[in-house]
Amino acid sequence: ERGALGGENNRVAAMETLTAIALKQPKLVRGNPLIENRIWLNCYDKADRIKNAARRAWLVAHGHSADVDVGSTPLDPPTKMYAVPLLPLLSNEDSAIASAAAASFTHAVGMHPGTAEKNIVKL
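All residue numbers for the sequence shown refer to our numbering, where the first residue is 4 and numbers rise by one.
Treat the hints as calculated values from the structure; they're not laboratory data. Some clues are possibly wrong.
Taking lysine-lysine and the DSBU-like style, the derived pairs with C-alpha atoms no more than 35 Å apart in a straight line are [what the hints assert, rightly or not]:
1. K83 <-> K27
2. K121 <-> K49
3. K30 <-> K49
4. K83 <-> K49
5. K83 <-> K121
6. K30 <-> K83
7. K49 <-> K27
8. K121 <-> K30
9. K49 <-> K125
10. K30 <-> K125
11. K83 <-> K125
All chains should be built: construct the whole structure from the sequences, respecting the hints.
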């Protein structure tokens, strides 16, 4: 894997690139469910470098400035279609990706409680 699902350096670089794109064209980032999903997933990675870069990309795509405090600013919820691209990542061979997928799935369910039953049965 590479890019947003690659190794740590790849994932950080992908998130930094998506932040730069979001600064100029936030709808391009927010309007693409796969791109949105990759950022959302990385927001819940255990590695701080990945998590912070992803949170910055997410927040910038949702209207915050690039110098936003990623540690204290709450994340806006993902689209209600969050589960479709996340579910296959729960069984990713890279345990960091699978763990981030599980954490991001859990947080998305919490933000969209009306989707919980429908998405939990897909597990």
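*asked:* K83 and K125 were given as a pair; does the straight-line alpha-carbon distance stay at or below 35 Å?
replied: 15 Å, holds
*With a cut-off of 35 Å on the C-alpha distance, tell me whether K30 and K125 pass.*
29 Å, holds
*Regarding the pair K30 and K83, is the alpha-carbon distance no greater than 35 Å?*
Holds: K30 and K83 sit about 17 Å apart, inside 35 Å.
*35 Å limit on alpha-carbon distance, applied to hinted pair K83 and K49*: It holds: about 24 Å lies between the C-alpha atoms, which stays within 35 Å.
_Given hint K125 paired with K49 - CA-CA distance at most 35 Å_ = Given pair K49, K125 holds - Cα atoms ~25 Å apart, limit 35 Å.
*Are the Cα atoms of K121 and K49 separated by 35 Å or less?*
Between K121 and K49 the Cα gap is close to 27 Å, so the pair holds against 35 Å.
*Regarding the pair K83 and K27, is the alpha-carbon distance no greater than 35 Å?*
25 Å, holds
*Under the criterion that the straight-line Cα-Cα distance not exceed 35 Å, is the pair K121, K30 satisfied?*
28 Å, holds
*Holds or violated: are the alpha carbons of K83 and K121 at most 35 Å from each other?*
Within the cut-off at roughly 11 Å; holds.
*Restraint check for K49 with K27, where alpha carbons must lie at most 35 Å apart*: Given pair K49, K27 holds - Cα atoms ~28 Å apart, limit 35 Å.
_Satisfaction of hint between K49 and K30, Cα-Cα up to 35 Å_ = Within the cut-off at roughly 27 Å; holds.
Consistency with the previously given hints is maintained throughout, with no hint failing.
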